[in-house]
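Protein sequence lines correspond, in order, to chains A and B.
First residue of the first sequence: 1, per our numbering; consecutive thereafter.
First residue of the second sequence: 1001, per our numbering; consecutive thereafter.
Any given hint might turn out to be false.
[Stated by the list, open to error] Subject to a maximum C-alpha distance of 25 Å in a straight line, what follows is the list of computed SDA-like cross-link-like pairs (lysine to any residue):
#1 B:Lys-1040 / B:Asp-1095
#2 A:Lys-440 / B:Asp-1095
#3 B:Lys-1163 / A:Glu-475
#4 B:Lys-1040 / A:Asn-482
#5 B:Lys-1041 / A:Thr-480
#6 A:Lys-622 / A:Pro-515
#7 B:Lys-1074 / A:Gly-463
#8 A:Lys-256 / B:Leu-1366
#9 A:Lys-280 / B:Asp-1352
#10 B:Lys-1074 / A:Trp-459
#11 A:Lys-256 / B:Arg-1368
#12 A:Lys-280 / B:Leu-1366
#13 A:Lys-254 / B:Ile-1351
[Unchecked claim] Every beta carbon over 12 Å from chain A, so not counted as near; a handful from chain B, in silico:
#14 Ala-1059
#15 Gln-1165
#16 Ser-1250
#17 Val-1292
#18 Glu-1307
#19 Met-1323
#20 Thr-1324
None of these hints come from the bench; they were simulated from the model.
In this text the structure is predicted, and so the values were computed from the model without any measurement.
Ideal Cβ positions, reconstructed from N, Cα and C, are used throughout, including at glycine.
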Amino acid sequence: MSSKTVQKLDRVVIRFAGDSGDGMQLTGDRFTSETAAMGNDLSTLPNFPAEIRAPQGTLPGVSSFQLHFADHDVLTPGDAPDVLVAMNPAALKANLGDVPRGATIIVNTDEFSKRNLAKVGYAESPVEDGTLESFHVHAVPLTSITVEALAEFEGLTRKEKERAKNMFALGLLSWMYTRPTTGTEAFLTKKFGAHPEILEANLTALKAGWNYGETTEDFASSYEIAPATMPAGTYRNITGNTALAHGLVAAAHKAKLPLVLGSYPITPASDILHALSALKRHDVTTMQAEDEIAGIGIALGASFGGAIGVTTTSGPGVALKSEMIGLAVSLELPLVIVDVQRGGPSTGLPTKTEQSDLLQAMFGRNGESPVPVIAPSTPADCFDAAFEAVRIATAYRTPVFLLSDGYLANGSEPWAVPEVSDLPDLSVEFASAPNGVDDKGEPVFHPFLRDPETLARPWAIPGTPGLEHRIGGIEKADVTGNISYDPDNHDKMTRLRAAKVAGIAGIPDLAVEDPSGEARLFILGWGSTQGPIAAAVRAVRNAGHNVASAHLRHVNPFPANLGEVLRSYDRVVVPEMNLGQLSMLLRAEFLVDVRPHTSVRGLPFSTVDLADVILTHLEELK
Amino acid sequence: MTTVENRTTPDATTTNGAAARPSGLAGIPLLAPDAAKQTKKEFTSDQEVRWCPGCGDYAILAAVQGFLPELGLKRENITFVSGIGCSSRFPYYLDTYGMHSIHGRAPSIATGLATSRPDQNVWVVTGDGDALSIGGNHLIHALRRNVNLTILLFNNEIYGLTKGQYSPTSRVGQVTKSTPMGSVDQPFNPVSLALGAEATFVARTMDSDRQHLTGILRAAAEHRGTSLVEIYQNCPIFNDGAFDLIKDRSQQEARVVHLRDGEPVQVGPEDDRKTLVRMPGGRLEFVAAASVEAEDLEVVVHDAGAEDPSQAFALSRLDSPEMTHVPMGIFRSVSRPTYDDGVRAQVRSAIDTAGGPATDDDLAALLRGRDSWTVA
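This is chain A alone, in the form it adopts within the complex:
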């Protein structure tokens, strides 16, 4: 063991930053797994460019991965890193503004050549010219030490040896924060099993990084972060996209129906397609369609046939799918539309997060076309939200929007894995017999005779004898489903479709957190802003102020008590990563003077900034 001192910390935020090709996402992932294995609570924020390989060493090419871990519950990936690992000048320049004075910066000095410095506009090396004076800087020639450590690997080129520098960095950080590396070793063995020399080189680099920390005087001490106290249970670390895919599979399992995904690749949703395509064993069929429209068409065709049809996309894809979503509203068939939101409009910011598709999900179709909208609040919550989306879609025979976003999709956190037996049963009853009689008293099937309670129509799938029927996008006569252009019928059907969605049951009342019971200010969020809002509210309360807060998962229909809650506070503030879309809905629905607080920087809210916003509102209320 090390003879160096070990200091105890309660929380740390680390950011790995480098060139797109430096393997920073992998390094971050591995450090996250090691941290999860230590029992810390954590939250991650990958941040990468849309280009697969932007020009090397430039600012647009910088890729980073931030991890916040602690001995207590973690709500966000952290505002500011305590430690920045900068693999080149571009990574330093792009991230320095986020690093608070006094923080630790580890730079790979090998990359701080004149040429690389010039690429990002540094005349002198910031490591040497005093720019980093107020930080605790470790200047480490990461690349050359790695290459040196791999000297005996004669079969590898210098370039191949250099590539292992991320493992050296991981080894060093693992030593600093006393993380076990066994998981990473197993991971590398699996990844490079077929290339023994590359595997050995990576393992050697990892070990060399660890040893470097332990032996050089530059690193005086290492740190320990005790495991967080978490409720008993089985945990795993999970990203939003994986949790969402698993939620869909679990729901289909509980519904005893096959899951059929029709999808077209799009950032940041593609990982759901990847995940589901590997789960055929769970009766999951995935079809990569020729375009976004065919993706949802395949899903709707499968739903008509009695499967759980799902399509996954991001905002631009939703725009293309709009007409088919309208058809699903008209046909009243189950369908789940997953929109992993990103910055818009148009191509916008493909790899950055935003919540600006809310109004598109609500209203982005022709005609009166109501669709339930569910928004997960954390990466792990994507599992429950997906499960809930399937519940509503199948029970109410309706398309359902699941609004995730880029932050949830790629971010990760520990997830208390539920017991399968605890998940609700979602069994569906298909129509099996005629449900009416015709003029002559003969039994007939009425595809639009509704369940009086849910207003859902029967789900009668092809293959059921005696229930042959035709449905379509033309307005249908109430009950019989035949084509109808009757004015009163259209009015009635329009209202029935709206009432069906408005009356969706099983949506819990909004749970308001107001420890003092005396708050006059109410902070309401939805979707992925939960972590930053909760953290900011906690900070404000810890400073002795009263503030109430709640988070919406069901955006359409709203929880039944929402209006009452909004009206019971002197001021309501809604932080969201758009220009006030939920605020607009709340104002329209409840005539409450909601104050939006908005940001569209492609990044989650900063806790500190949000806390300031809350304090300002509290000040104004005095």
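Guided by the hints, dock chain B onto chain A, whose structure is given.
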């Protein structure tokens, strides 16, 4: 080899000649052998047909309703999916399962249904605008994938439901509501397009020729994979007489080239029959029977089952706006693995390899993942 005349496919007869199921219908439950014979009436829904008087769609509907009992399938195992347009009202008039969807997208919906429900005989009814304009992308990809579907493309060379604009098969110069000075758009040849999109079954027939139409429907339904059937269909309101030259009994014989598998490609009345030959350089040309022998020319023998679609494509190029020669029948009918069979096989194999359908324990293992930890 598939021909309309002998009404069989290689899949339809076993080596000893006993009747077997056509491969296009494999996996679909059959009517019980002792079930009462189905009638056209059983396939006719109670909905009033609302096409214009004289529309070619009526004849196609009657042919389809009359043909469906031949399949020997239960009505609940047949689904018609359509897009938007006059032809797309078709499903409402058949007492099977049906979906009238949105413009151009029927192939995608049918792909989802056919892939998830191998027990369904899935048909797509579409028109020249629906399939070749707004839905062109879905059509070519359905053909390329070879999903087990039968696509009936009603080609009337005009937009009917929107009242008379030119379509992607309208002829250059055609005066329509949206081309008062004549269309300058180059039309698609649907057969050429389908062959270019790797279609495994491509045929052309005519609304007014019930017998030919029925023969083609049969061959198309029996084919496993995507069958594309172009049906010339007259629109009496907006493009009346578009196909008169080949419907007119006095001219028909000289113009219509009946493709018969394994036979020379010929056109014209008995006393003036012309044979298609491949001229030096490869160009196809109709020549009088006498010159074939005299000049020792290479006669083109139709081979619908040829792997290489080049000759089928060349036949499709015999078309011209003047309808001098119009090939009708099956251009191509080849066997290739279908998309839906492949997709299902992978899912089945994954389930079988894992030892059967996923249990609660299997799901629990998935959710736990490989890197879980326990907090006591």
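Practice problem: Take the C-alpha atoms of Lys-1040 (chain B) and Asp-1095 (chain B), compute the straight-line distance between them, and say whether it is at most 25 Å. | Solution: holds, 10 Å
Practice problem: Mind checking the alpha carbons of Lys-1074 (chain B) and Gly-463 (chain A) for me, to see if they're no more than 25 Å apart? | Solution: Status holds; Cα separation ~8 Å.
Quiz item: Is it true that the CA of Lys-256 (chain A) sits at most 25 Å from the CA of Arg-1368 (chain B)?
Solution: holds, 20 Å
Quiz item: Is the hinted pair Lys-280 (chain A) and Asp-1352 (chain B) satisfied, with a Cα-Cα distance of at most 25 Å?
Solution: holds, 11 Å
Self-check item: Lys-440 (chain A) paired with Asp-1095 (chain B) [C-alpha distance capped at 25 Å]
Solution: Distance of about 18 Å is within 25 Å: holds.
Quiz item: With d taken as the least Cβ-Cβ distance between Glu-1307 (chain B) and chain A, does d exceed 12 Å?
Solution: holds, 25 Å
Quiz item: Thr-1324 (chain B): least C-beta distance to chain A exceeds 12 Å?
Solution: holds, 36 Å
Exercise. May I ask you to check that Ala-1059 (chain B) keeps its beta-carbon over 12 Å from the closest beta-carbon of chain A?
Key: holds, 21 Å
Quiz item: Can we confirm that no CB of chain A comes within 12 Å of the CB of Gln-1165 (chain B)?
Solution: holds, 20 Å
Exercise. For the pair supplied as a hint, Lys-1163 (chain B) and Glu-475 (chain A), confirm whether the alpha-carbon distance does not exceed 25 Å.
Key: holds, 21 Å
Quiz item: Has the given pair, Lys-1040 (chain B) with Asn-482 (chain A), been kept, meaning a C-alpha gap of at most 25 Å?
Solution: holds, 21 Å
Quiz item: Going straight from one Cα to the other, do Lys-1041 (chain B) and Thr-480 (chain A) come out at no more than 25 Å?
Solution: Holds, at roughly 21 Å.
The structure meets every hint from the earlier list without exception.
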